[in-house]
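Participant: Now for the letters of each chain:
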Amino acid sequence: MWSPRPTLTEHLAQRILARERAAVAIALNAADDARPGARRKALQMLAQIESQTAQGGAHRIGLTGAPGAGKSTLLGALLRRLQERGETLGVIAVDPSSPHSGGALLGDRLRARTALGNFGGAVFFRSLAARDRLGGLAESARAAVLVLGAVFDTVLVETVGVGQNEGEVADLVDTLIYVAQPGAGDLLQTLKAGVLELPDLVVVNKADLGPAATQHQSELQAGLALTEPRGGWPTPTLLVSAQNGSGIPELLQAADRHRAWLQEPASPGAPPRLTARRQTGRDRYVQSALLHRYGHYGLEAIGGATQVAAHLAQSPNAPGFQLLQQLSARIESALTT
Amino acid sequence: MPDQKAPAPGARERPWVFRTYSGHSSAEASNALYRRNLAKGQTGLSIAFDLPTQTGYDADHPLARGEVGKVGVPIGHIEDMEKLFEGLPVERMNTSMTINATAAWLLALYVALAERRGADIRQLQGTTQNDIVKEYLSRGTYVFPPGPSLRLTGDMIAYAVEALPKWNPINICSYHLQEAGATPVQEIAYAFATAIAVLDAAKARGDIPGAAIPRIFGRISFFLNAGIRFVEEICKVRAMAETWERLGRTRYGVQNEKQLRFRYGVQVNSLGLTEPQPENNVIRIALEALGVTFSKRARCRALQLPAWNEALGLPRPWDQQWSLRIQQILAYETDLLEYEDLFDGSRVVESRVAALIEESDTELQRVLEMGGAVAAVENGYMKQRLVQSQSQRLRGIESGAQTVVGVNAFCETEPSPLTAAGAAGGANAAVQRVEQSAERAQIERLAAFRARRNESEVREALRGLRDALSGGGNVMQPSIRCAHAGVTTGEWAQALRAVFGEYRAPTGVSAAAQAQRAGAKGEALRAAGQLRERVRALGAQLGRPPKVLIGKPGLDGHSNGAEQIAVRARDAGMEVVYEGIRLTPGEIAQSARDEGVHLVGLSILSGSHALLAMDVMQKLRESGAPLPVVVGGIIPDEDADALRSAGVARVYTPRDFDLTRIVAEMADVVAEAHAD
Chain A
1 MWSPRPTLTE
11 HLAQRILARE
21 RAAVAIALNA
31 ADDARPGARR
41 KALQMLAQIE
51 SQTAQGGAHR
61 IGLTGAPGAG
71 KSTLLGALLR
81 RLQERGETLG
91 VIAVDPSSPH
101 SGGALLGDRL
111 RARTALGNFG
121 GAVFFRSLAA
131 RDRLGGLAES
141 ARAAVLVLGA
151 VFDTVLVETV
161 GVGQNEGEVA
171 DLVDTLIYVA
181 QPGAGDLLQT
191 LKAGVLELPD
201 LVVVNKADLG
211 PAATQHQSEL
221 QAGLALTEPR
231 GGWPTPTLLV
241 SAQNGSGIPE
251 LLQAADRHRA
261 WLQEPASPGA
271 PPRLTARRQT
281 GRDRYVQSAL
291 LHRYGHYGLE
301 AIGGATQVAA
311 HLAQSPNAPG
321 FQLLQQLSAR
331 IESALTT
Chain B
338 MPDQKAPAPG
348 ARERPWVFRT
358 YSGHSSAEAS
368 NALYRRNLAK
378 GQTGLSIAFD
388 LPTQTGYDAD
398 HPLARGEVGK
408 VGVPIGHIED
418 MEKLFEGLPV
428 ERMNTSMTIN
438 ATAAWLLALY
448 VALAERRGAD
458 IRQLQGTTQN
468 DIVKEYLSRG
478 TYVFPPGPSL
488 RLTGDMIAYA
498 VEALPKWNPI
508 NICSYHLQEA
518 GATPVQEIAY
528 AFATAIAVLD
538 AAKARGDIPG
548 AAIPRIFGRI
558 SFFLNAGIRF
568 VEEICKVRAM
578 AETWERLGRT
588 RYGVQNEKQL
598 RFRYGVQVNS
608 LGLTEPQPEN
618 NVIRIALEAL
628 GVTFSKRARC
638 RALQLPAWNE
648 ALGLPRPWDQ
658 QWSLRIQQIL
668 AYETDLLEYE
678 DLFDGSRVVE
688 SRVAALIEES
698 DTELQRVLEM
708 GGAVAAVENG
718 YMKQRLVQSQ
728 SQRLRGIESG
738 AQTVVGVNAF
748 CETEPSPLTA
758 AGAAGGANAA
768 VQRVEQSAER
778 AQIERLAAFR
788 ARRNESEVRE
798 ALRGLRDALS
808 GGGNVMQPSI
818 RCAHAGVTTG
828 EWAQALRAVF
838 GEYRAPTGVS
848 AAAQAQRAGA
858 KGEALRAAGQ
868 LRERVRALGA
878 QLGRPPKVLI
888 GKPGLDGHSN
898 GAEQIAVRAR
908 DAGMEVVYEG
918 IRLTPGEIAQ
928 SARDEGVHLV
938 GLSILSGSHA
948 LLAMDVMQKL
958 RESGAPLPVV
968 VGGIIPDEDA
978 DALRSAGVAR
988 VYTPRDFDLT
998 RIVAEMADVV
1008 AEAHAD
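Those protein sequence lines, which keep their order, are chains A and B.
Take the first sequence: its position 265, counting from 1, is numbered 265 in our numbering, and each next residue is one higher.
If you count the second sequence from 1, you need to add 337 to reach our numbering.
Hints are computed from structural coordinates only; laboratory data are not their basis.
We put the beta carbon where it would ideally sit given N, CA and C, even for glycine.
Incorrect hints may have been included.
[What the hints assert, rightly or not] So the derived list for chain A, only partly shown, Cβ under 10 Å to chain B, looks like this: (1) V24; (2) R40; (3) F124; (4) A276; (5) R277; (6) Q279; (7) T280.
[To be verified] Derived contacts from chain A toward chain B, CB cut-off under 10 Å, selection only: (8) L28; (9) D32; (10) A34.
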């Protein structure tokens, strides 16, 4: 079968770093293999890729928002525009799994394809099921972002926003876009959930609905004025229509501006803002992955969350997947002895 | 019309029009078939077009591969139309065309043909199906979004009401709703919701005078289904006749009795035809025919019957003849046509009719309140309701609550001489074959035609069409001009695609999910529970849950089966990438590889299974991911054997109605292929 032999994973990392498209699917399958031996090999592969691309690679853009806000259609419109700019694109779309059966219907590919016409070879699209992360991101999403980020010019991550998992998406991407739709009447809910504190760009979709969209935009703008800008970036609100394509170029310009802003240092002589952002993302991922796998009981076995945080702080430049592997090994040996 | 060779009518009522839905391979072959059918006593034509013609692609388009001449006749330009009607008097016959998204184009070709022959086009009689709403809900050969589609319908109505006064520009179909699972109440309600959408849109147009509305109302005809519960079907058609008359009087101010008449044609149910013991289907078809002819007051105007072996593959001329004979025996041998209405005054029938009217009025009102048929397509409401009904029906058959003779009851059978090997060429001779060479020949004719035509005339005519499209003018006149100039079906449709865009209707996947869960009981529930355990264990073995891709290559848009499988696989714990319809084999292979699935499931109902499945497997091998493939469709045994020996892991046909078993076998296939 075409899943890689364990001995091939190192070779696989090199193929990914050489931006070989044909290796991408194989690497993602390897990264999603939960069998212990395969998982060890996959973490090595991911650590190797991460060490080369931690601060570079693709611009990682996240799309989140309530169900029905038109994220998939917007994704299709963005893909079309980015393709016209000559970029290669990697897409990850996350859908919830059924808590009853564990299965999932992954329909974003169909919706985005409809909006885009058809995917050409320039678009790589992988659908992920959230599995046991109820309403959340798939655990393999981070690995997928990393692999796609090493191969393609831009990576887009689409996931349903239910108010709890925006933080996880924000930790995964460089630029988070929150998609709102007019007439949802959910502004208070949105504010309560703290959703507006995380996105770097807020778009009101379905601008073709006219005044309702404009009104929703100004409400969101007012809401944003009440929240602290994240790291000093003033979150803009934009009107778009995924349906007729209006506002899409402006949205991409805003994403580019945010990317440029991240590449500047926060203060003279400091590293670029992107460095700190990706490092925070790395730390939170490692912490939550350990917690998910071993629980509080497991974490306590190696001195608890504080010790984990300290370990992470000591290795600012180490790949997250390497740290995850090291700390997992420590917990496992602490639990077995 | 050729002689009907009917017995002298005497005091008898004139029978309905006898039709057979047919067409295949090429215009020439179909013409020969039509002449033979007419000679055997058929009294009207019902033209089946192939999928490229129905969805606006030329025979040489990549998406047309494998589909040319399969489910109907390919019509690419005016010369094909001329060949199709060679020797047939278009101005003296009644022609029904099953054509929807591209209806305006096929009508334009028909008018152009009549003009070339010097016929008086005002005498043209017939029907263009042209009901786009049911395409979104069930049949799947839509192309454009609902708004532009309704505009095309309106253009045809506005043109026909003046230029072709005897033509039915639209034939509203509840037929396909029943095939998609509709109950009688849903069939009635959604058919009239569609009629109201069409009539209201016509009223709102600037170019149709208010005085023409009753005439338009009088030209709207219907296309109904008739199932095996034939007493209820009698009541259904009576309920529809009453409701239609009431709508005409109250909503559209129609007073003329003739215009108020509920006129409808019928194709009886194919959904209930079985693959096991297929000979039983002849009896089913006869009883279903009775349902729409029994009551004089609500008798159909035209009837076409499927063939007994439809679930096995494409019927042969002899199979279609057998169905024609059913009609002739009913009309000419029995005394059915000698009596007034047999049900007037029946308390039983009256009370069932009243109940159907009341329930369907409520459902119709619900649809109108959400903004009418188009809104109820776009928000997925009607589709969901249909999928729920369909799932209930399937559950009923799976559990045995609904008896289907030869399928879930009385399955013991003697070998059938009709399908036995050795009989008339063997089991696989019991269906019609379309020569693979038909596609190549059609492409060659198309190329020769393009080389012959006057390119500047074509360009000029297409410019006129585009002007009308963007300027909001009626497309009919420019389309007729295109037909004369030698524009092809693909070119005409491309001009419209460029302006209108393309549409994908909401899937029924979420409704199928709800309905399947709600309906599971007893034994079925236990089987599903066991399957979930099996899938979970398989996931542990694979290192992640089994992931499958379900898609439909080619042009066939019947997505119900694929959706039901997708949902059942999800409920078994699989991760299912649902890819939808109209995909090329290359696209499916790329998706399968990029998505990292363990198995590819293809659903193909157009008869192009062999070519398309082989192409998908070829592309998978080329992309370095030789994944196992399972195929479902209307697949004759011989083809199923060929597919299996070419490497298809499992083949499913309509006799495999147990979805849980199909999904369990998909798990087996994944386990076999990925054991390492």
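Participant: Would you mind marking each hint as holding or not holding in the structure?
Facilitator: Taking the hints in turn, this is what the structure says about them:
A least Cβ separation of about 8 Å between V24 (chain A) and chain B falls short of the 10 Å threshold, and the interface hint therefore holds. About 12 Å separates the beta-carbon of R40 (chain A) from the nearest beta-carbon of chain B, more than 10 Å, and the hint is not met. Given the 10 Å rule on beta carbons, the hint for F124 (chain A) holds: about 5 Å separates it from the nearest Cβ of chain B. Violation of the interface hint for A276 (chain A) is found here, the shortest Cβ-Cβ separation to chain B being roughly 33 Å, above the 10 Å cut-off.
Restraint check, R277 (chain A) versus chain B: the minimum CB separation of about 28 Å is more than 10 Å; hint violated. This hint is violated: Q279 (chain A) has a C-beta 29 Å from the nearest C-beta of chain B, more than the 10 Å allowed. Given the 10 Å rule on beta carbons, the hint for T280 (chain A) is violated: about 28 Å separates it from the nearest Cβ of chain B. A hinted interface residue such as L28 (chain A) counts as satisfied when its beta carbon comes closer than 10 Å to some beta carbon of chain B; here the least separation is about 6 Å, so the hint holds.
The restraint placing D32 (chain A) at the interface with chain B holds, with a minimum CB-CB distance near 5 Å, inside the 10 Å limit. Checking A34 (chain A) against chain B by beta carbon gives a least distance of about 5 Å; that is within 10 Å, so the hint holds.
Hints 2, 4, 5, 6, 7 from the earlier list are contradicted by this structure; the remaining hints agree with it.
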